[in-house]
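S.K.: The primary structure of each chain is shown beneath.
There are 2 protein chains.
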Amino acid sequence: MSTNGSTNIFLPVSDLTDLLTRIFIRNGVSRDSAGILAANCAWCERDGSLSHGIFRMPGYVATLKSGWVDGCAKATTEIAGAAFLRVDAQNGFAQPAWQDSLPQVFKMVSEQGVAVVAIRNSHHFSALWPDLEPLADKGLIALSMVTGLACVAPYGGRRPVFGTNPIAFATPVADAHPMIFDFATSSISNGDLRIAAKSGHQIPPESGIDASGNLSADPSAILSGGALLPFGGHKGAAISLMVEILASGLTGGLFSSEVDFSSHPGAESPRTGQVIIAIDPQRGGNGAFERRVRQLIDTVRDAGQTRLPSDRRYRTRELALSNGIPLSQEQHEALLAMAG
Amino acid sequence: MSTNGSTNIFLPVSDLTDLLTRIFIRNGVSRDSAGILAANCAWCERDGSLSHGIFRMPGYVATLKSGWVDGCAKATTEIAGAAFLRVDAQNGFAQPAWQDSLPQVFKMVSEQGVAVVAIRNSHHFSALWPDLEPLADKGLIALSMVTGLACVAPYGGRRPVFGTNPIAFATPVADAHPMIFDFATSSISNGDLRIAAKSGHQIPPESGIDASGNLSADPSAILSGGALLPFGGHKGAAISLMVEILASGLTGGLFSSEVDFSSHPGAESPRTGQVIIAIDPQRGGNGAFERRVRQLIDTVRDAGQTRLPSDRRYRTRELALSNGIPLSQEQHEALLAMAG
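If you're matching them up, the sequences are chains A and B in order. For the first sequence, my numbering assigns the number 146 to the initial residue and increments by one for each residue that follows. For the second sequence, my numbering assigns the number 146 to the initial residue and increments by one for each residue that follows.
Hints were generated in silico from the structure; no laboratory data involved. Possibly wrong hints are sitting among the right ones.
As the list claims (entries may be wrong) - Straight line, CA to CA, 25 Å or less: simulated DMTMM-like cross-link-like pairs of lysine to aspartate or glutamate:
1. K252/B / E223/A
2. K343/A / E478/A
3. K219/A / E413/A
4. K210/A / E413/A
5. K210/B / D177/B
6. K283/B / D443/B
7. K252/B / D355/A
8. K283/B / D320/B
9. K252/A / E256/B
10. K252/A / E478/B
11. K343/A / E413/A
12. K210/B / D456/B
Quick caveat, the model's predicted, so the values are computed rather than measured.
Using the sequences provided together with the hints, build the complete structure.
M.R.: Put into structure tokens, the structure is as follows:
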């Protein structure tokens, strides 16, 4: 599905969501989960998170067709402590499992001040910020991590062990949208690597290693038996290791290096785990929390950081909400064809 | 206090702790807090965390003499939720406040599965790993962050806003010491910057900016109106921002950019906040957690990462426990002089 076509259709978010829902249902996803996955994907497209927008639909479809993920899975939840929710996604996508547990999470945080949600046996094939925005919208701080498919070498290592292992953090901000960052702990994302390989572009030499373990700026060499590297040297590598321990170790999910979908040709989504930690900032003895965060963010902007995490997404969203989500004719037709 | 003298004294950990305790008491620290701070500092020296070992003692003493910190402060704690402990260090050091709250933290985690500890009005002048090791020794996962003195510019910024804002993470590991990482979210530590400036060494160009906001490899230019940069580009900068929000915003402490000790000449310690999140991994539905983490760490080593976080500390510790902590004659004499 090319994103290079000329933009000549502007689709309301609800129309895109409906269209994507039909695609999910057609590929064996239950009605409830289809609506959740479609909204998630439409939000990514709406916000300009294009690598997790409709670009992912062929991957979703291929994965569903392969039988690797259960589109009708119904997650089971278990209260493992007054502030600890354990969720088994039953080999379904993480988002419906997370959506199901949200009421319990809000209750836990409101009662105990914090909640840890440990999701296992789950497939996460999207961005993390859509999972956290509902929490920050209700005034909560939230942190999430998810593991993936092994394609990142540990620090100084020669073989992939970690996934791109994204980490996301959300906080409410007074008189503004929540501030949410969400990034891969690899030097660049797997998507960007594949795009560079296709287009024949080089990437920065410290982004990956070839099959011999030497630093390489050739995306094809990285993809042919090499590995990406973590961002930020040994510090980023430590954070990626923490993501494995929290999102897979703590939850009881598979580590990135354990995912094996070789018996399901076409499958693309990792079946690992996800952790979410939600905190009520009012418990910190700081009733002015949101105003304090706003003050900090203003200080950061005054110091010269022109773009903060999520700024661009909200600007793109605003345009999409006014004008519709921009799609090329080709993109639209491809989606219609997938919907049948 | 030079660390370049020839090594010719090997002091048992308990002897160094006793000596440091005398120095703290002589400078107005209560007996209990003196013992806690001395043990903390001796552990850093024992483990080869030299930038937080006896190297810090002149700073501790100058800060105490300046009246900026209260060596006799008694922290107050408040249960702000079944899993949320709020601590006011009352302008004392963070470590005694943390030590006081440990029994309550263990109780909370054992009952709820998780505990958030929000410490404010506190001075942290050491490494974070000593705060977390007691939790990991008892089988808990722990995460901590602390803010500092503004010396790090936000991403693309021209002025310091963040402290070096360390983040630490600890996990138990089957049949091994806990794995604990603990690093500044700045490109290099403030200590290393000052050492480079003194010795006239250049540092990597992306480590900091000069007073005009241009990238600089000159530590003196960075120290003269410039700033360090976060590690890992915009991703590391986002993590440093998260540290401000959790360690200062959530706790109700001061942001790094708000610390002003100009009326206390000689003061060196930041008066900000610290957050600790402790989690019981047994709640994640994974009884084999420690063995699973061990398996992950073995995979990482097999993939070629020869040194994992905390490996070197434990090796150094083992030597120190057998042979004593190596000090030069000059270092020992300086400590004896400080003890009076």
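S.K.: Run every hint past the structure and note whether it holds.
M.R.: Hints and how they fare:
Restraint check for K252/B and E223/A: satisfied, since their Cα atoms lie roughly 21 Å apart, inside the 25 Å limit. Of the pairs offered as hints, the one joining K343/A and E478/A holds, with about 23 Å between alpha carbons and a cut-off of 25 Å not exceeded. Taking the CA atoms of K219/A and E413/A, the gap is near 21 Å; set against the 25 Å cutoff, the hint holds. With a C-alpha separation of about 11 Å, the suggested pair K210/A and E413/A falls inside the 25 Å cut-off, and the hint holds.
Simply put, K210/B and D177/B have alpha-carbon atoms about 19 Å apart, close enough for the 25 Å limit, and the pair holds. This hinted pair checks out: K283/B and D443/B have alpha carbons roughly 22 Å apart, not beyond 25 Å. For a cut-off of 25 Å, the pair hint linking K252/B to D355/A is broken: about 49 Å separates their Cα positions. Our distance criterion of 25 Å between C-alpha atoms is met by K283/B and D320/B, whose separation comes to about 13 Å.
Straight-line distance between C-alpha atoms of K252/A and E256/B comes to about 17 Å, which keeps the hinted pair within the 25 Å bound. For the hint linking K252/A to E478/B, the alpha-carbon distance of about 59 Å lies beyond 25 Å, and the restraint is violated. A hinted pair counts as satisfied when its Cα atoms are at most 25 Å apart, and K343/A with E413/A qualifies at roughly 18 Å. Only pairs whose Cα atoms come within 25 Å are accepted, and K210/B paired with D456/B is rejected, the gap being roughly 36 Å.
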